[in-house]
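Asker: Input sequences plus hints: build the corresponding full structure.
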Amino acid sequence: MKNFLSERKYLLSNASAKKIYKEIKSLPIVDPHNHANVAEIADNKNFSDPWQLFAATDHYVWEVLRKRNVPEKYISGGAMPKEKWLKMASVFPEIAGNPVYEWIHLDLRRYLGIDDIISPENGLKIWDKASAALQKKGARPQALLKKIAVETMCSTDDPVDTLKHHARMNEQAQKIFIHPTWRPDKIMNIRSKNWKDYLYSLEKKFNAEIDNLDKLMEVLKQSHDYFAAHGCVASDHGVQAPPTGIGNKDTAEKIFKMAKTGVIPSIDEAKVYINWIFGEMAGLDASKNWVFQIHIGAVRDVRDSIFNNIGPDAGGDVSDHFIDILSPLRSFLNRFDDKLKIVLYCLEPGHQATLATIARTFGSKVRLGAAWWLCDTPIGMKRQLEYIGSVDLFANFAGMVSDSRKLLSYGSRFEVFRRVLSDVLGEMVGKGQMPLCAAIELAEKMSYSEPKKFYNL
Amino acid sequence: MKNFLSERKYLLSNASAKKIYKEIKSLPIVDPHNHANVAEIADNKNFSDPWQLFAATDHYVWEVLRKRNVPEKYISGGAMPKEKWLKMASVFPEIAGNPVYEWIHLDLRRYLGIDDIISPENGLKIWDKASAALQKKGARPQALLKKIAVETMCSTDDPVDTLKHHARMNEQAQKIFIHPTWRPDKIMNIRSKNWKDYLYSLEKKFNAEIDNLDKLMEVLKQSHDYFAAHGCVASDHGVQAPPTGIGNKDTAEKIFKMAKTGVIPSIDEAKVYINWIFGEMAGLDASKNWVFQIHIGAVRDVRDSIFNNIGPDAGGDVSDHFIDILSPLRSFLNRFDDKLKIVLYCLEPGHQATLATIARTFGSKVRLGAAWWLCDTPIGMKRQLEYIGSVDLFANFAGMVSDSRKLLSYGSRFEVFRRVLSDVLGEMVGKGQMPLCAAIELAEKMSYSEPKKFYNL
Amino acid sequence: MKNFLSERKYLLSNASAKKIYKEIKSLPIVDPHNHANVAEIADNKNFSDPWQLFAATDHYVWEVLRKRNVPEKYISGGAMPKEKWLKMASVFPEIAGNPVYEWIHLDLRRYLGIDDIISPENGLKIWDKASAALQKKGARPQALLKKIAVETMCSTDDPVDTLKHHARMNEQAQKIFIHPTWRPDKIMNIRSKNWKDYLYSLEKKFNAEIDNLDKLMEVLKQSHDYFAAHGCVASDHGVQAPPTGIGNKDTAEKIFKMAKTGVIPSIDEAKVYINWIFGEMAGLDASKNWVFQIHIGAVRDVRDSIFNNIGPDAGGDVSDHFIDILSPLRSFLNRFDDKLKIVLYCLEPGHQATLATIARTFGSKVRLGAAWWLCDTPIGMKRQLEYIGSVDLFANFAGMVSDSRKLLSYGSRFEVFRRVLSDVLGEMVGKGQMPLCAAIELAEKMSYSEPKKFYNL
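Protein chains in written order, with my numbering: chain A, 1 to 457; chain B, 1001 to 1457; chain C, 2001 to 2457.
These are calculated hints, taken from the structure and not from any lab test.
You can trust all of the hints, since none of them are fake.
Below 25 Å or equal to it, Euclidean Cα-Cα: the simulated SDA-like pairs (lysine to any residue) are: (1) C:Lys2082 x C:Tyr2111; (2) B:Lys1146 x B:Asp1058; (3) A:Lys22 x B:Glu1427; (4) C:Lys2018 x A:Glu386; (5) C:Lys2082 x A:Ser364; (6) B:Lys1018 x A:Arg8; (7) B:Lys1193 x B:Lys1249; (8) A:Lys339 x C:Ser2305; (9) B:Lys1009 x C:Lys2019; (10) C:Lys2271 x B:Phe1322; (11) A:Lys452 x A:His230; (12) B:Lys1382 x A:Tyr10.
Answerer: Shown next, in the form of structure tokens:
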């Protein structure tokens, strides 16, 4: 047991790795992309119970419980938090190998001081210990974030969202602690049955009638400006394949107007509109020197039973090797060459070489994002870093992001990343590929200073 | 030399790996998919010679000999077994690195007690030793299977096959030792020039005129029932891309009738029929709680000179990254969500992430199969296990299968798998990612109890 | 520092790896594919300065400098060589991890005896030391090649090129030291706006009016014969997807004639011509028992700003997973099955399994080339060798090539390859997968004797 998540050894294979990690482990955390519950952090109340803190909002946990036959009632359903926790404990040893096993154990140890190993036998004991720990003042959101050493972070927000919780939080912090991120996916998804309603919510929010594309962009710019005023430094875009950023405006306008009447455009029609508006939004970012983040390759809501009964972001998403990434990205990157800071996030290992060679080619403003979602595992990060460090440059890495679905993730995910990074660089030092001093310099840059500079945080 | 295939060290990199392997090495073998020669096992006669046992039926061996310029006469051709063996020995050191090198050496050591290293110089000596060993009673098929500790296995059979050898064998064993597997590929392959003849053989076997799809399914169900009565627990399906399981029956019927007149349907027409019948066959399995196995991604009979002169399954097959797996599988898995046990076998490393994320999403009944064929190598298995254990769950692995083309493979392939599995888990223990006890529990589950339970063996 | 590029340890993880490397490190270098500047070697003058030797002709260096924001003026632009060198030094620690970092340090150490680590602080000191070293007679091209132990090499040449520098060099060497390679890409690229001019240069060179395909092939055969007379043993072909080698000649003829009038053919029209001529050129090679090399998967000139301002081969190229390799290659390989020696070079990791399983299937004449370009890194080579050694055969590897853009690459790239190869084999020996003697035999074959034999060098 004694090796398990050992502070000194976890994920670190050789002496150089340990030396590198020692230099970066205490650096503050800068987290440019997550799904922070800003209201929860601003409210700063104690968490109701361990299930709420560890699993209630985290579909990564939900999926592994389903794989071990836990009924939905004990996952997203109506069972009591304690019942859910005990069910989780009853299968926990069976999920070893999946990072959920490491993350939850890490969170218990590092932030609540509980170093038991979860099992059917001691599920209740840990529930009790964790419940007690959560009562303390030191377990409130802001205290936990301080313990985690979060310096600054970027939440993910919709253009119609109010940013009052951000304002409230940042006033408490007396600095911009949580930056909003402008994520306009909903106005792009013109084939969604909710698109028309979303457009209406934009009209309502900005008190405008949006009956043409100029008006749409005017309203979006208003939102963009409002985000900027609240410290926003980046936008984010979730796409299966990247749009080209180039589309005929007149055609896009016709399709927009048609969709506003309730007619769902064809896939090809939708593309014209999406390609056009993607370019316009990139233009907004370029004008403010924001970072334009593209999350590429998630095929969402693939399992009907999950989507129909529970909804999106509940565990029905996959990656797909069979997507043309290069053609559209080539158009987009050439249009904005040297004019826009861009981060490319890769979900599918099969797209990684395409994206990495693109990043190599398009100069210092185009950067590769952290191993994302299904690749955000020790092995996924290791394989990514080994490859992109040799094809692109380590120093140009856009930085780790927690992509957090719950508060503690800011800690465990960054810890795992920094350890894997130290290990990858430590192995290169061990093999004589770079001197230790160069590795330490890179590790520091990648963990803190480069992303901070690139995102302007 | 002393390290080569060492009982204690082979494929095991650290102390934890060795401890894990010690716990699982003697577990009985449950082999849910192979190409057993059931008659040979039931007959239980001594093998005629070493070539027969080691190479005569194994296209994995054939291919590596071709790569080293061995003439076909000494591979699948008319040369004497001893001549073939000596030719093989003459190039054997040149195939080191390919698993055929390890498998044949393992088989010689573990089951015939010969630990020489094959070379041009000692080919004859080993032939003599092996020939002598094969004369013994302990080298008959059933004795070898006992030495290998095979508890139960599943052969691969056609719906028109008689299962009398299975019955004969299982009577000797006084239990169902060899389960048949229902593999109806031939009735799916409606564009094959042999399809019409195959349909006729179904008609003959079941004494029925099959002139519409209802009749076809009635006959297939008769075969399905007959297999069930002989202990069948699974079907198996070899496909380049998976069919959707959903097709218009009326159109499928027209295409079926047309094909029965001898007209080969177009690719698009064939798809309607294939998609439809694939769904019907899955329905049969669902009704009996069988496991529906899909072998995905083999492009067969690619080299004309092999196919025309020697035939299928002789070494003319490749994998192809450029196949759309997700779209059709998404239809199929949603249709049978939670109603059918499914195993997805992946041939092409480039499809692995797509398949693994699908398995993650579709719950406990959809499982990933063992690294298949061209990936059934120490490195192929290692890469697969490392990845799928982090994206899906180790505990949900469908289990090792020998996919055997010869009797000894039941032993060497499972040994290699168990060692690689111990190594992957041992490395995770070494890196502090899980405690040793959790790793041992997983290894036991993956090597024996989970597949046994899942397949109902 | 002391481990960095250590002669004894660099890239060698265990004792077996070190033993294997010791056996192969001094073998002569046979380099079947590079971009040698033959005139420079034949002239044998001292290099003007370190920038000229290390970076002026090498777009691998250019790309990493761009990633670290070095202005183009100091890369391909008008700054003085010394200014460029100092700019490079100013960012050099930031490129650690990329092989450029290792190559340049290796070149300084192994061939100029300078073992400083490049940094902003000591850039000038190294410039001075290197400048002094380059004045010596021992730093002239031919002396350096001798130090590197180059036995023979193959440059890359166009069918219209004169081979007088080759003749001049080989006369000095009193043997064929530099073989030309016939690379007819330009006559294939019928959609290029330069194609018509190129055709005209062929007409001029061979004093012929090329107004039909028979005439074109007659002229190309003249060039092919001329290359043969100068020691050529191979052709080379750079393609995004491989052509089929089969096309309707009449249609191809129409398209050829149309293109000669200045009309650019459509993509589909171009394919007919390209498929046809690719087959004809393969026929020429088959008739002379040359090796037909295919470099597959580079998407070139993707970044417009580089291509428009600097040109091709300047750092605007990427790899793309989304290319159908198998369908056309299947046609081509079946047409020339057992009649033509073929080497398949893979750029995109996602194509590797497809290409490796094809090589496995098509017998001893179809071989996999070295990890290419963006994969020609320690990790890229390692992953390639681990995989292809298990699916295909190590012994059938086509051999390392420098693909050199500058003279010193013949040394550093082969050193890195031999070390990685020793490491991969050493790890297999360490894990008990092959005896040390077999590994040494393979390493020797792969590093020297097999490529020499296969290429007939």
